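*Asks:* Protein chains in written order, with this note's numbering: chain A, 1 to 293; chain R, 1 to 293; chain S, 1 to 293; chain G, 1 to 293.
Hints may contain errors.
One copy or two, either will do: identical chains are not told apart, so a pair holds if it fits within one copy or between any two.
[What the hints assert, rightly or not] Computed list of lysine-lysine pairs in DSSO-like fashion (alpha-carbon distance at most 30 Å, straight line):
{"hint": "1", "residue 1": "146", "residue 2": "106"}
{"hint": "2", "residue 1": "106", "residue 2": "125"}
{"hint": "3", "residue 1": "289", "residue 2": "76"}
{"hint": "4", "residue 1": "73", "residue 2": "201"}
{"hint": "5", "residue 1": "77", "residue 2": "189"}
{"hint": "6", "residue 1": "80", "residue 2": "238"}
{"hint": "7", "residue 1": "29", "residue 2": "73"}
{"hint": "8", "residue 1": "76", "residue 2": "105"}
{"hint": "9", "residue 1": "72", "residue 2": "289"}
{"hint": "10", "residue 1": "289", "residue 2": "117"}
{"hint": "11", "residue 1": "29", "residue 2": "18"}
{"hint": "12", "residue 1": "189", "residue 2": "125"}
{"hint": "13", "residue 1": "238", "residue 2": "189"}
{"hint": "14", "residue 1": "106", "residue 2": "73"}
{"hint": "15", "residue 1": "289", "residue 2": "73"}
Quick caveat, the hints were computed from the structure, so don't treat them as lab data.
Quick caveat: nothing in here was measured; it's all calculated off a predicted structure.
Next come the chains, spelled out residue by residue.
Protein chains: 4
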Amino acid sequence: VFEGKTTGTPIALLVRNKDANSKAYDHLKNVYRPSHADYTFDEKFGHRNWQGGGRSSARETIGRVAAGAIAKKILKKLEKIEILSYVSSIHTLSASVNTNTLTLKKIDANIVRCPDKKVAESMIKEIEAARKEGESLGGVVSCVIKSVPAGLGEPVFDKLKADLAKAMMSIPATMGFQIGAGFSGATLKGSEHNDAFYMDKGMVRTRTNHAGGTLGGISSGENITFDVAFKPTATIFKEQETITTSKKATTLAAKGRHDPCVLPRAVPIVDAMSAIVLVDHYLRNQARKGLFT
Amino acid sequence: VFEGKTTGTPIALLVRNKDANSKAYDHLKNVYRPSHADYTFDEKFGHRNWQGGGRSSARETIGRVAAGAIAKKILKKLEKIEILSYVSSIHTLSASVNTNTLTLKKIDANIVRCPDKKVAESMIKEIEAARKEGESLGGVVSCVIKSVPAGLGEPVFDKLKADLAKAMMSIPATMGFQIGAGFSGATLKGSEHNDAFYMDKGMVRTRTNHAGGTLGGISSGENITFDVAFKPTATIFKEQETITTSKKATTLAAKGRHDPCVLPRAVPIVDAMSAIVLVDHYLRNQARKGLFT
Amino acid sequence: VFEGKTTGTPIALLVRNKDANSKAYDHLKNVYRPSHADYTFDEKFGHRNWQGGGRSSARETIGRVAAGAIAKKILKKLEKIEILSYVSSIHTLSASVNTNTLTLKKIDANIVRCPDKKVAESMIKEIEAARKEGESLGGVVSCVIKSVPAGLGEPVFDKLKADLAKAMMSIPATMGFQIGAGFSGATLKGSEHNDAFYMDKGMVRTRTNHAGGTLGGISSGENITFDVAFKPTATIFKEQETITTSKKATTLAAKGRHDPCVLPRAVPIVDAMSAIVLVDHYLRNQARKGLFT
Amino acid sequence: VFEGKTTGTPIALLVRNKDANSKAYDHLKNVYRPSHADYTFDEKFGHRNWQGGGRSSARETIGRVAAGAIAKKILKKLEKIEILSYVSSIHTLSASVNTNTLTLKKIDANIVRCPDKKVAESMIKEIEAARKEGESLGGVVSCVIKSVPAGLGEPVFDKLKADLAKAMMSIPATMGFQIGAGFSGATLKGSEHNDAFYMDKGMVRTRTNHAGGTLGGISSGENITFDVAFKPTATIFKEQETITTSKKATTLAAKGRHDPCVLPRAVPIVDAMSAIVLVDHYLRNQARKGLFT
Chain A
1 VFEGKTTGTP IALLVRNKDA NSKAYDHLKN VYRPSHADYT FDEKFGHRNW QGGGRSSARE
61 TIGRVAAGAI AKKILKKLEK IEILSYVSSI HTLSASVNTN TLTLKKIDAN IVRCPDKKVA
121 ESMIKEIEAA RKEGESLGGV VSCVIKSVPA GLGEPVFDKL KADLAKAMMS IPATMGFQIG
181 AGFSGATLKG SEHNDAFYMD KGMVRTRTNH AGGTLGGISS GENITFDVAF KPTATIFKEQ
241 ETITTSKKAT TLAAKGRHDP CVLPRAVPIV DAMSAIVLVD HYLRNQARKG LFT
Chain R
1 VFEGKTTGTP IALLVRNKDA NSKAYDHLKN VYRPSHADYT FDEKFGHRNW QGGGRSSARE
61 TIGRVAAGAI AKKILKKLEK IEILSYVSSI HTLSASVNTN TLTLKKIDAN IVRCPDKKVA
121 ESMIKEIEAA RKEGESLGGV VSCVIKSVPA GLGEPVFDKL KADLAKAMMS IPATMGFQIG
181 AGFSGATLKG SEHNDAFYMD KGMVRTRTNH AGGTLGGISS GENITFDVAF KPTATIFKEQ
241 ETITTSKKAT TLAAKGRHDP CVLPRAVPIV DAMSAIVLVD HYLRNQARKG LFT
Chain S
1 VFEGKTTGTP IALLVRNKDA NSKAYDHLKN VYRPSHADYT FDEKFGHRNW QGGGRSSARE
61 TIGRVAAGAI AKKILKKLEK IEILSYVSSI HTLSASVNTN TLTLKKIDAN IVRCPDKKVA
121 ESMIKEIEAA RKEGESLGGV VSCVIKSVPA GLGEPVFDKL KADLAKAMMS IPATMGFQIG
181 AGFSGATLKG SEHNDAFYMD KGMVRTRTNH AGGTLGGISS GENITFDVAF KPTATIFKEQ
241 ETITTSKKAT TLAAKGRHDP CVLPRAVPIV DAMSAIVLVD HYLRNQARKG LFT
Chain G
1 VFEGKTTGTP IALLVRNKDA NSKAYDHLKN VYRPSHADYT FDEKFGHRNW QGGGRSSARE
61 TIGRVAAGAI AKKILKKLEK IEILSYVSSI HTLSASVNTN TLTLKKIDAN IVRCPDKKVA
121 ESMIKEIEAA RKEGESLGGV VSCVIKSVPA GLGEPVFDKL KADLAKAMMS IPATMGFQIG
181 AGFSGATLKG SEHNDAFYMD KGMVRTRTNH AGGTLGGISS GENITFDVAF KPTATIFKEQ
241 ETITTSKKAT TLAAKGRHDP CVLPRAVPIV DAMSAIVLVD HYLRNQARKG LFT
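Please put together the full structure from these sequences, using the hints given.
*Replies:* See below:
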């Protein structure tokens, strides 16, 4: 519940937390929610915003999405780079998605932002069931970035995959990042995992893309593909063991308005952070190009 | 094959590539190895170091390990923070490890640095078999960091998990990072994944540690646990389809001295990067502490 | 002319340019003011804000002053560090100021913020005369920072004097920075310039303070003293030779509301930037302290 | 006294302090030299390198000069940017230099690197006299940078003049920085200081250059001109009051090999730091160019 408004010339973005003065969060004032930032913020700063979470609230991501919108415009104009993020799994349901024919329209065709229509329907049902029983669900957002020029990313520390990993793992509730074949690729042999080079109409291409579009941390020109794991929402309505802010044992069953599954709403955030990382690396590469040629 | 030597007072670290002037890499001069940084470095910089890889060679990690050694000393002295990295899987073999009783001695007890003795033996056999057939194997390095004080990590962008992710994904050959329950945690429900708080001798603890030691991106005081996926070594002796530097189709079967599995040697690098990230966050937290109390 | 307002909890600072929609700047739309940022912003960005200057307007310094207010509170609480900036000269009039007995009250006793009462009166008259003839005046803001602990500043690049210099030279209209004896110290011999050490009640002190409070770029415990030169305001009402935005020769006599001398208003900006630099270095030093002892 | 040597491919630069194991510095072991970094390094770090100064020694500038040499090559190749630094004053002797006809040859024509031949001779004599009496002399290095394209420098904090100021004030022994008319420009009226625009063969030029080549912190295309004040060398042979490292009063007359005037040797350092700042800003500007056109 926020109100985003640009004031006059689009310089400032005001985000108001409408819940801040309501009583919606009163029952959380003296208790730490399990698996939530409540405890660590209090421990680190000596205070916390129990009326919505403050800087640990996903409300902060509106700034990322706003910046990402500008970044995406630049990427589209200059290089026709296209970023497509989507929900690839929720709980134990996994979608089957052909990234070659994937479009934004297919992603936005349903409210879970999963382009596999049939699985999307099951996901919606499962989220509804979770809502009813006061539960929450985790899942995976996947992303494919098309038409990325070769050469983005820097040797050693600022590899493109490293900056994408940091960007994704800075999003609230994320638990994992993998590029290309990722963890499952670690179970392959070299001859199975290696992506053979070949020439296609004068372009260097690879037969497979287990690498996920970067080699040595630098974009190869193939699609960049990665997955981001999100944990189930920490705030649930089921009763849980926990402690009070004065360090006494208690139990908590959260009340009010809480989202049983953040995955669909995480899609534009993954999109935005991808765009921001790519524009940064595009600018770095642009700075260097032409210097030594 | 490098020679690391400190000169006089330990200020500089000289690393010489003994292969640079040998003929060991001659057959790679005009060809791009599949899934290697050869092509992207050439595309980006207009040249590459085919005699060992230059900045895309894992030789560069000696600097990380040297810095990590200092970082680990600081962490140990001040907070008794202990970092234990180990090989948890190679190819399809997975170790069973109790992190509570894990020691450095158990990790270093065998050459694959896997503390599960039985699985370690199988791993050694599988690596030997891979070497014989000119193949390579991927795997996972896991890490547990003990006695981390609560409060390390910053809100929003510089979350501890985000900086760990970037650090790990900057290591050559990495394909994924997950913290705590990671990708498998994404298949759980909230009531299963949440870590219940309880008091233990005046200390705030959690019954489980699916979070992997951070909440809201800030360390909670529980063990930090994460996994890093490594792809199988790109350079193999089996013949593969690829292209020459003049963009003609060719095949390549690498020769010479190449490691069929980097996992055991990746362990000290994961260790070092963990220590560097932790010291950085420790210093940031130290800077803030005392300012507002 | 701005309206600064904090919204609810003090998170955002809204600054509105009341002139933006007036006709006050209309005569500047198609002409570059001499010695103003008009031309370089247009050349660099392909557009400029002729209705007040945009990012080249001193309006942006309100953010610095707001941040500086917080920085000063921290400095005062922890170390009793006191920052006193004042106008030391305007045009050819120079004040005589004893920094040992200087107080904020003496600085704020008159509208030019010059603690030398007599010279202040002459300055006020000269500014009034300049206003009448459509002229503008430059001058110098000096700053003394008291009770700075020894140890702030880093070797090599981030010397305290270097960061102060950058901070000051980032303020609009600044043309020079000098610390301690500065440019006039360059005309002294070593035996005249060197500050002799002596012990005073167990404290290390220096007989003179030509160094201006830092040695080797690190604070020594003596007062930090520096001067910042400001050019006369670029916008004047006298007719000047210049060019139009379509690169034709023209003349310009500015109209409306323009300040003939920015010096008194520069004082809080110098104050604020000093506080920001000091807090940054205080935090860096705090991070390091205790690590190796 | 250092030995700079590149090892094989020019990756590392080894600098050895030949004095480190001699007895040349023995008499400085237990005493703080007035106006030297001895005391502040000891106070901050708990130890110092009394055998030459360690990181407070001007030996560290060899790294700056090496980096500057590469930066200068880039600047020359791309934009024909030319950097000319020279000694403009020593003690009370000031040179008269026409920057329009200035060449590197004129600067290097004498050992004090002052292009005013007659004043240079007097400077040499004065330095010799200072050496004989165990004294030291300060002075000013000036710099003119020609053929800088308009557009280098960023609004608000990273103004070109701000980054130049920081770079110069990070050089050992610097006490002041001024751009264009600098401190003396602060005594002018607006109509005197403003640089009138005019068109010259299709180029935007200014009749005067009191601004020193930047407007609003961004290069205008005019020559960049600035001055850097250096204090007299702290280490002198005359007896001075000081304290021992155990905080007792003592006197010190330094012995051995010390330079009575660092100005001529500061010239290549000012050159190098100018080149480094310019290349950084050139890259930043290059990154942005073309994005929005």
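*Asks:* Take the hints in turn and mark each one as holding or not.
*Replies:* Each hint, compared with the structure:
no., hint, verdict
1, 146 / 106, "within (16 Å within a copy, 46 Å between copies)"
2, 106 / 125, "within (19 Å within a copy, 48 Å between copies)"
3, 289 / 76, "both (20 Å within a copy, 16 Å between copies)"
4, 73 / 201, "within (29 Å within a copy, 38 Å between copies)"
5, 77 / 189, "neither (40 Å within a copy, 41 Å between copies)"
6, 80 / 238, "neither (47 Å within a copy, 38 Å between copies)"
7, 29 / 73, "between (42 Å within a copy, 29 Å between copies)"
8, 76 / 105, "within (17 Å within a copy, 51 Å between copies)"
9, 72 / 289, "both (21 Å within a copy, 17 Å between copies)"
10, 289 / 117, "neither (43 Å within a copy, 43 Å between copies)"
11, 29 / 18, "within (17 Å within a copy, 42 Å between copies)"
12, 189 / 125, "between (39 Å within a copy, 15 Å between copies)"
13, 238 / 189, "between (45 Å within a copy, 11 Å between copies)"
14, 106 / 73, "within (20 Å within a copy, 52 Å between copies)"
15, 289 / 73, "both (22 Å within a copy, 16 Å between copies)"
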